[in-house]
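S.K.: Going line by line, the protein sequences match chains A and B.
For the first sequence, the working numbering begins at 1 and goes up steadily by one.
For the second sequence, the working numbering begins at 284 and goes up steadily by one.
Rather than coming from a laboratory, the hints here were simulated on the basis of the structure.
Some clues are possibly wrong.
Claimed, not checked - Covered stretches of chain A, going by a simulated chain B footprint (3 or more residues, C-beta under 8 Å):
| # | segment |
| --- | --- |
| 1 | 15–28 |
| 2 | 64–75 |
| 3 | 147–159 |
| 4 | 174–186 |
| 5 | 227–234 |
Unchecked claim - A short, non-exhaustive set of chain B residues, derived as facing chain A with CB atoms under 8 Å:
| # | residue |
| --- | --- |
| 6 | Pro-296 |
| 7 | Thr-302 |
| 8 | Glu-303 |
| 9 | Arg-331 |
| 10 | Thr-355 |
| 11 | Trp-357 |
| 12 | Phe-401 |
| 13 | Pro-438 |
Fair warning: this is a prediction, and the values are worked out from it, not measured in the lab.
Think of the CB as a built atom: it goes at the ideal place given N, C-alpha and C, for glycine as much as any other residue.
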Amino acid sequence: MKLAFFGVRGSIPAPGPATVRYGGNTACVSLRPESGGLIILDCGTGARNLGINLMEGAFGKGQGEASILLSHAHWDHIQGFPFFVPLYQPGNKFHIFGGAKSSPMLEGILEGQMAPQYFPVQTLKNMGATIDIVAIAEGKPFEVERCQVRARMNPHGRAGALAFRIEEAGRAIVYASDAGYPAGGPSADALELYRGADVLIHDSTYTPEDKKRYADRGYSSVEDAVSAAIAAKVKRLVLFHYDQDYSDADVDALCTRGRKMLDDRGGKDIELTGAVEGSTLTV
Amino acid sequence: MKVRFWGVRGSLPVPGAKTERYGGNTSCVEVRSAAGTRVVVDAGTGIRKLGKELVGEGEAGRARVHLLISHTHWDHIQGLPYFSPLYQRGNKMSVYARKRDDLHLQAVFASQTHDPYFPVPFAEADAAIEFKELSDAAKFSIDDVKVACARLNHPYVATAYRLTADGASVVYVSDTAPFSDILFEDEFVARPPSPGAELPAKDRQKLARMREGVVRLCEGADLVIYDTMFTAEDYQRIPHFGHSRPMDAVGVCAEAGAARLALFHHAPERTDAEVDAILADTRAVADKTAKNLDIVAAYEGLELELGQH
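Work out the full structure: start from the sequences and follow the hints.
M.R.: Set out below in structure tokens:
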């Protein structure tokens with residue numbers, strides 16, 4: 001399986017010289033299973049560049065098909081959707097999965113972003129591609145692009161965000177963005193979802209100090225990410241969803257601290273990477 | 284009067300090395316009179332940094348911001364929930380935009396910050412926020428700043444603003460298509476008009492009046508900030524997206540006798556080098572048709588001082 005990072009930032013895109021190295025686009029990761037197909041994790045502004053790349057292949061001819069997994073509908077996880085060009089190519093097919101009480105409710109959430117007061121296309125119906133939208137149930141496995149997927153809701157401020165585990169031929173990738181655990185850390189269900197993953201992409205919005213200042217926002221610190229990685233015995237931890245005000249130097253420091261915490265707390269064998277926009281990771 | 288550009292991009296923010304110089308944040312321009320009145324036009328992602336400056340500038344708890352919204356497409360409002368002064372008691376903000384029959388202005392911002400899209404509803408913001416709806420050709424004053432409006436040619440309709448203070452005027456014209464091939468109203472325009480198709484007479488007249496209104500708004504302005512998102516090729520391909528070319532802006536400015544034009548609302552795909560080239564081309568052509576017009580390409584951080592000081 002091959003991961004590619006198109007947006008690694010949280011809350012709001014952060015353009016400017018200070019974020020050029022890690023990138024300023026909001027959350028979007030693509031996953032290509034060995035069996036072919038394409039899974040897209042969240043649709044922050046990074047989805048625009050992913051879309052441009054995809055148009056060079058089958059999606060440019062209206063022969064593309066992909067599945068989109070949405071962790072939740074805060075802007076930084078859906079704001080790239082209207083600018084994802086393959087959605088405007090008739091013939092392309094998209095299957096969208098996300099958390100909502102019903103599929104029509106999930107569709108309504110996505111329609112809300114396309115409404116005429118906000119966007120000239122006015123509705124998903126004007127986009128051109130075939131789009132089906134499915135609300136998923138927590139815990140229950142389902143198949144996406146010939147991979148097994150399970151989802152668990154993590155607390156995230158007043159809301160929740162789904163974490164996804166995607167498995168193919170004994171390999172597992174977990175995407176856990178926007179996780180605001182209570183004082184005791186992740187739930188047993190969440191840890192079970194993360195357990196032994198080859199890659200855990202985990203919310204690392206803050207330093208431990210900033211986490212204390214902004215505890216009510218429902219994000220993880222690098223320390224929370226490290227603790228989850230150690231408790232779940234994952235093989236590699238990828239820090240993700242950096243605060244919009246963190247410069248490249250700040251994120252470097254976040255990674256250094258994460259590495260040291262892993263080493264000091266029994267996670268020496270866990271690899272650590274800070275997600276970089278434009279980078280790939282093969283499992 | 285001081286004009287500062289906080290976001291100059293159209294459509295969506297585009298971080299990255301290729302947009303580092305002109306900036307990747309979406310539309311936001313701050314105008315400040317010598318007396319200190321602060322008017323902000325549009326709340327794209329650029330407004331976030333202005334907000335950080337305001338809460339740290341000794342204005343905390345007494346910041347007064349007047350926000351004029353050209354229209355409520357995302358790239359003109361998406362920064363507002365991240366504008367720190369909203370979350371500080373004592374601050375006051377007035378939001379102005381064109382009145383619509385189908386939707387109250389307040390509702391547009393309420394759903395932007397509503398569950399499941401954003402964790403803090405507008406109604407819970409600590410600052411005092413009021414909404415003021417405007418007619419197409421409204422004229423009013425914000426303390427010492429005089430404001431005049433004109434309608435623009437953009438899907439779902441947009442408003443241009445002229446701000447006058449300290450004996451100087453700046454006009455913000457974004458977003459708009461030229462006033463020639465399509466009349467935009469509220470409906471979705473699915474495809475470009477067929478080549479050579481002629482508009483109905485009443486549409487042509489309406490567009491001519493609209494253009495006349497914009498020219499009059501720009502008359503003698505010290506600075507005109509204009510949506511020049513499209514190249515000639517872009518316009519050829521997607522005229523129904525509702526944006527102008529640099530030469531459309533030069534035409535309006537020349538007719539209005541404006542002193543300076545700022546190319547604005549750069550396309551997301553435009554690299555810094557491409558904006559440089561567009562600026563050079565526009566200057567070269569304008570040398571023949573609008574000799575006295577000074578032309579700049581707006582970049583994030585650009586500050587222009589207008590009028591006597």
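S.K.: Does B/Trp-357 meet its interface restraint, that is, does its C-beta lie within less than 8 Å of any C-beta in chain A?
M.R.: 5 Å, holds
S.K.: Apply the coverage criterion to the segment 64–75 of chain A and chain B: a residue qualifies when its Cβ sits closer than 8 Å to a Cβ of the chain, and three qualifying residues are needed.
M.R.: holds (count 4)
S.K.: Just to be careful: measuring from the Cβ of B/Arg-331 to every Cβ in chain A, is the smallest value less than 8 Å?
M.R.: 6 Å, holds
S.K.: Quick one: see if chain B covers the segment 174–186 of chain A, three-plus residues with Cβ-Cβ under 8 Å.
M.R.: n = 0 at 8 Å, threshold three: violated.
S.K.: Against chain A, is B/Pro-438 within 8 Å by beta-carbon distance?
M.R.: 4 Å, holds
S.K.: With a C-beta cutoff of 8 Å, work out whether three or more residues of the segment 15–28 of chain A approach chain B closely enough for the coverage to hold.
M.R.: Holds: 8 residues of the segment 15–28 of chain A have a Cβ under 8 Å from chain B.
S.K.: Once the shortest beta carbon distance from B/Phe-401 to chain A is found, is it less than 8 Å?
M.R.: This interface hint holds because 6 Å falls under the 8 Å limit.
S.K.: Hint B/Thr-355 vs chain A: min CB-CB distance below 8 Å?
M.R.: 5 Å, holds
S.K.: Restraint: B/Thr-302 near chain A, CB-CB cut 8 Å. Satisfied or not?
M.R.: 6 Å, holds
S.K.: Are there three or more residues in the segment 227–234 of chain A whose C-beta lies within less than 8 Å of some C-beta in chain B?
M.R.: violated (count 0)
S.K.: Holds or violated: is the Cβ of B/Pro-296 closer than 8 Å to a Cβ in chain A?
M.R.: Constraint on B/Pro-296 satisfied, holds at 4 Å.
S.K.: Are three or more residues of the segment 147–159 of chain A within 8 Å, CB to CB, of chain B?
M.R.: Per the Cβ count (3), the hint holds.
Comparing the model with each earlier hint shows violations of hints 4 and 5; every other hint is respected.
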